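A.B. asks: Let the sequences and hints guide you as you build the complete structure.
From first to last, the protein sequence lines are chains L and W.
All the letters of the first sequence, read from the start, carry residue numbers 4 to 164 under the working numbering.
All the letters of the second sequence, read from the start, carry residue numbers 4 to 164 under the working numbering.
Calculated from the structure, these hints are not laboratory results.
The reader is advised that the hints may include incorrect statements.
Below, computed lysine-lysine pairings styled on DSS-like, alpha-carbon distance capped at 27 Å [what the hints assert, rightly or not]:
1. L:35 with L:112
2. W:112 with W:11
3. W:138 with L:112
4. L:138 with W:11
5. W:112 with W:35
Listed next, with one range per pair, are the computed distances between beta-carbon atoms [what the hints assert, rightly or not]:
6. L:22 with W:45: 36 to 46 Å
7. L:151 with W:84: 39 to 49 Å
8. L:59 with W:18: 29 to 39 Å
Everything numeric in this text was worked out from a predicted model, so none of it was measured.
Ideal Cβ placement from N, Cα and C applies to all residues, glycine included.
Number of protein chains: 2
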Amino acid sequence: MAGELLSKFVNSFGAGLVSVSQTLGVTVSLVKTQVTQGVNAPGSRVAALVGLVGGGVHGTAALMVDAQGFASYVNAMSGGMIPPDLEDNVALSVVGELTNMVSGQTLMKLDIEGMDLTPPQIIAGENIKAVPPQKPGIVSFTLPFQVAPQGNIYLVVSLHG
Amino acid sequence: MAGELLSKFVNSFGAGLVSVSQTLGVTVSLVKTQVTQGVNAPGSRVAALVGLVGGGVHGTAALMVDAQGFASYVNAMSGGMIPPDLEDNVALSVVGELTNMVSGQTLMKLDIEGMDLTPPQIIAGENIKAVPPQKPGIVSFTLPFQVAPQGNIYLVVSLHG
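C.D. replies: What follows is the structure in structure tokens.
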């Protein structure tokens, strides 16, 4: 049951990321050979997480980007007006905004009554990793995307069964 | 309105952290002089976030610990059985479990009908920081606690007004 719901979430979020990125002028392509259960987002410098609650759902979705992926999105979304500085909160908030847009679109598509989401929480740092919960009943999945012109972005979805 | 709700959340979560820690054999004391609006959690190595949604609430609560605070909790909660290794997912999940316990107790105390929370999402890394959302209407607050025998733990609550 949790597995079925998870794959529905992962597919919808993945499609949302691709389509929102396209609108913003960033091309992302799924690296199919590296799709994985659990969490695997090497080299991440920024993570933006939203909580998904209600309608029987308890979970989180996170977008995690490396330094180059971060630069690609900040450049595209600010029209080159904001330098992609990993110490600058305004630049970092671009990843939160991206997550907002992707989640909003995904939420509409999933159309699960009663499900709502939290505002994105942004975490920045070096060598950051999301740690998969060590509990039975929580399932996680990572979709890795290559970003053009440069970098990587990872979509991590975790659901409580 | 958001300010009033925020202070209610911050107080309840803070009391929850103190009381749960006490139960686990860890003594924490609020560093009153460093209580701050916004986010300020220097030296953090692990963050565990829960989303708070429903009953008109949209927000997140995070516990962030430095290496020494992490060691204090892992030692106490595992009875010294688990080494406080920041690369070990089982040790890291202790912070998630702590967040679960604190959130659960706080949720019961707040008793807001319809409010629910996500399972904790754990992020580890070096020099990690939570980035306060750059949007009007989102308010954040940090309570810093000193941990005995050693270390620091920070409680960060963000609410959408």
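A.B. asks: All the hints need checking, so say for each whether the structure fits it.
C.D. replies: Structure-based check of each hint:
1. L:35 with L:112: Given pair residue 35 of chain L, residue 112 of chain L holds - Cα atoms ~23 Å apart, limit 27 Å.
2. W:112 with W:11: At roughly 11 Å apart (the allowed maximum being 27 Å), residue 11 of chain W and residue 112 of chain W satisfy the hint.
3. W:138 with L:112: The given pair, whose Cα atoms are some 25 Å apart, holds under the 27 Å limit.
4. L:138 with W:11: Since the Cα atoms of residue 138 of chain L and residue 11 of chain W sit roughly 30 Å apart, the hinted pair is violated (cutoff 27 Å).
5. W:112 with W:35: holds, 23 Å
6. L:22 with W:45: 36 to 46 Å: holds, 38 Å
7. L:151 with W:84: 39 to 49 Å: holds, 48 Å
8. L:59 with W:18: 29 to 39 Å: holds, 30 Å
Figure legend: structure checked against the earlier numbered hints; the only hint not met is number 4.
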